[in-house]
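Asks: Residue strings, one per chain:
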Amino acid sequence: MDRTVQANERGGVALYLLVALLVAAATVGVMALYSNIATRKAEATQTVFKVVELTEGTINAAEWGKNFPRQYDTYKRTVDIERTRHGGSDAFQKLDDDPRWRVLFSGYAFGVDYREERGHAYMLSDQDTTERVTDFKQPAACLHCHSSIIPAYYKAGLEAGVPADEAHRQEAIMKGFEKVCAMPFAEGRKLVDHPVSCVDCHDPDTMALRVTRPGFLNGIKVLAKSSDPLPHLPSVERWRSGDRAREYDPNIDASRQEMRSMVCSQCHVEYYFKGEGKLLTYPWQYGLKVEQIEDYYNDVQWKDWTHKVSGAPVLKAQHPEFEMWSQGIHARSGVSCSDCHMPYVRDGAVKVSDHHVRSPMLNVARACQSCHRYDEEEIKSRVATIQDRTQKLMIRAEEATVALIKAIEAAKTAGASDNDLAKPRELHRKSQWRLDFVAAENSMGFHAPQEAARILGESIDYARQGEIEAIKVTPGGGARVSMVAPINPIQ
Amino acid sequence: MATSRRNRVVAGVVLSVMVGVLSGAAAFTFAYAEGTSYLSNDPAACMNCHVMREHHDGWSKSPHHAFATCNDCHVPHDLVGKYTAKAVHGWRHSKAFTMQDFHEPIRITPGDLKLVEQNCVRCHSSLVGDLPGHGGIGGNDVNCVHCHAGIGHGAPR
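Chains A and B are the protein sequences, given in the same order. Our numbering applies: residue 50 is where the first sequence begins, and numbers increase by one. Our numbering applies: residue 13 is where the second sequence begins, and numbers increase by one.
Each hint should be verified, as a subset may be incorrect.
As the list claims (entries may be wrong) - Keeping only pairs whose Cα atoms sit at most 25 Å apart, straight-line, the calculated DMTMM-like set for lysine to aspartate or glutamate is:
hint	chain 1	residue 1	chain 2	residue 2
1	A	90	B	66
2	A	400	B	69
3	B	107	A	92
4	B	73	A	307
5	A	429	B	84
6	A	400	B	46
7	A	125	B	54
8	A	90	B	54
To be verified - Residues from chain B that keep clear of chain A, each with C-beta distances beyond 10 Å, as calculated:
hint	residue
9	65
10	134
11	138
What the hints assert, rightly or not - Covered stretches of chain A, going by a simulated chain B footprint (3 or more residues, C-beta under 8 Å):
hint	segment
12	148-158
13	204-214
14	322-336
In short, the hints are calculated from the structure, not lab data. Cβ atoms here follow ideal geometry from the backbone N, Cα and C, with glycine treated the same way.
Put together the whole structure using the sequences plus the hints.
Replies: Listed below in structure tokens is the structure:
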């Protein structure tokens, strides 16, 4: 064997090895692709592995998470703290951010502690630490929306004597609801230990959406009987035009798309604690608009507190997101809360709704772009325009209402009687209710921009009318006009 | 030199087996992934990977459902153009879905939008050809689906 042949032999072996290596690599690639396709196909069947039994009593979301890991993963992310342009989930002190609210809430718990809400994960623990609860007497009615409370209501209902069978289940929950509402906060707090959980919105057998909160079930029944047009809730309109043989029941009548808003509306609403029993009540007898709610509060002569400076019987707006959304174009177009706040996300070939409930501004692609075919920056800037305009008008309304408060104070100091001050105080109640309805609502006007502007326009008007009335009854009136200048005049 | 010849034969057999395994695995994967369906005009093929499900659902409720399938609007209508477009789309989509690295919600590319535009005109030329404001149809000036956004896939949800 000469050297050339040997070299050829070696070259031949190397070539074979190289080709073998390439073929092997290609085979690995094909098998990897196969495995990838197989995974996607398996995902597409959306198989749920039921590893634990879920019941009405399963409050712990981690248990549900064993069967539904994708949803649970996102649910857990509600601990995230992110600041958006006008809010987010960062608990900044709004009283420091805008000190006018110390004046507006004078004599009320919100004048002491008014922080931005954090994510769902904190709803119960933040309730324990807010000075509104630690330094003021509060009823356990608050826990209706700060905890996963239905099993506690059920238990309290049984203890009150409702029979413990399936037919009386709802009756027991409603009875327990009344019982727990009337308890002091500390006593009710012992009955609950978990923030909002899966069972609050999902049937444990079928996963179907359902509403469980007694306050909402009562409220929506009353609303259905009102004559306020509700084109965004077609099932209510259908019930109204039917024989009304039974009361409206969202769990029977509402479509799935309506439920995708109603589950949120169990809590993101205006409410008050009715009577000695502190029964949580949604004031929807005449409808969802700001003046309809006001009419109801006037009828039942409700006030949240007496303003320390003006002496007016004022109202506190809570967080009327459902009411404001109901007046907006998104509701009118059939877009639910969940479409923007819990948009669908794809995980491989599986489509799930994002249970990390948050501002759509932190998730523009999925929240907005499914319908609005503009780039993210354009969408964000449109939202910013709406919110910045609302805020500018809102600050005007704050200034006007503070000016009214100062005018009433000045009139009182100068010797005006309670009788004299009745009219300006009534106007203070009206202007502050409207201002707070927009301010307390979590969207800075976005949920219904024109409605928010209308409400703030009315607020400013009532405040300035009140100021004129106050000056009229001020002994030596006209001379005191200089005393009622805004604390931070708008340039 | 008998040994060397035998080695070559052995190596040749080994390689043939390997190539056979590769071809078999590739053919199986192609069939498993319903590869041939992509050569068809069946709209169901477009949602094999599930990303297009909503677009398919929307189309099935849209005004065009009775008249046009996916391919009528989304690929050219000459033989070479059609299969070239299918190959380009197929490569882009399978790469995106395998790597899971695409923008969501999905967006049509500018080139493919133009393709759709040409297909609008292909059927509707007698209607739009003479409209002065629509003179640039198929070009860059106007875009049919900018206004007729729900025509193919229904109103956005």
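Asks: Would the hint linking residue 125 of chain A and residue 54 of chain B be met if the CA-CA limit is 25 Å?
Replies: Not OK: residue 125 of chain A and residue 54 of chain B at ~41 Å, beyond 25 Å, violated.
Asks: Residue 90 of chain A and residue 66 of chain B: Cα distance at most 25 Å?
Replies: This hinted pair holds, its Cα atoms lying about 17 Å apart.
Asks: Could you grab the alpha-carbon distance between residue 400 of chain A and residue 69 of chain B and see if it respects the 25 Å cut-off?
Replies: 15 Å, holds
Asks: Closer than 8 Å Cβ to Cβ for three or more residues is the test here. Does the segment 148-158 of chain A pass it with chain B?
Replies: The restraint on the segment 148-158 of chain A is violated, since only 0 of its residues have a Cβ under 8 Å from chain B and three are required.
Asks: Holds or violated: residue 429 of chain A and residue 84 of chain B, Cα atoms, limit 25 Å.
Replies: Not satisfied, since the Cα-Cα distance of roughly 36 Å exceeds 25 Å.
Asks: Classify the label on residue 65 of chain B as holds or violated, using whether its beta-carbon is more than 10 Å from each beta-carbon of chain A.
Replies: 8 Å, violated
Asks: Would you mind confirming whether the straight-line C-alpha gap from residue 90 of chain A to residue 54 of chain B stays at or under 25 Å?
Replies: 19 Å, holds
Asks: Given the hinted pair residue 400 of chain A and residue 46 of chain B, is their Cα-Cα distance within 25 Å?
Replies: Between residue 400 of chain A and residue 46 of chain B the Cα gap is close to 22 Å, so the pair holds against 25 Å.
Asks: Closest CB-CB distance from residue 134 of chain B to chain A, is it above 10 Å?
Replies: 24 Å, holds
Asks: For the pair we were handed, residue 107 of chain B and residue 92 of chain A, check the Cα-Cα distance against 25 Å.
Replies: 18 Å, holds
Asks: How about the segment 322-336 of chain A: do at least three of its residues have a C-beta closer than 8 Å to a C-beta of chain B?
Replies: Coverage by chain B is violated here, the residue count being 0 at a Cβ distance below 8 Å.
Asks: At 10 Å, judged by beta carbons, does residue 138 of chain B keep clear of chain A as stated?
Replies: 29 Å, holds
When held up to the earlier numbered hints, the structure conflicts with 5, 7, 9, 12, 13, 14 and fits the remainder.
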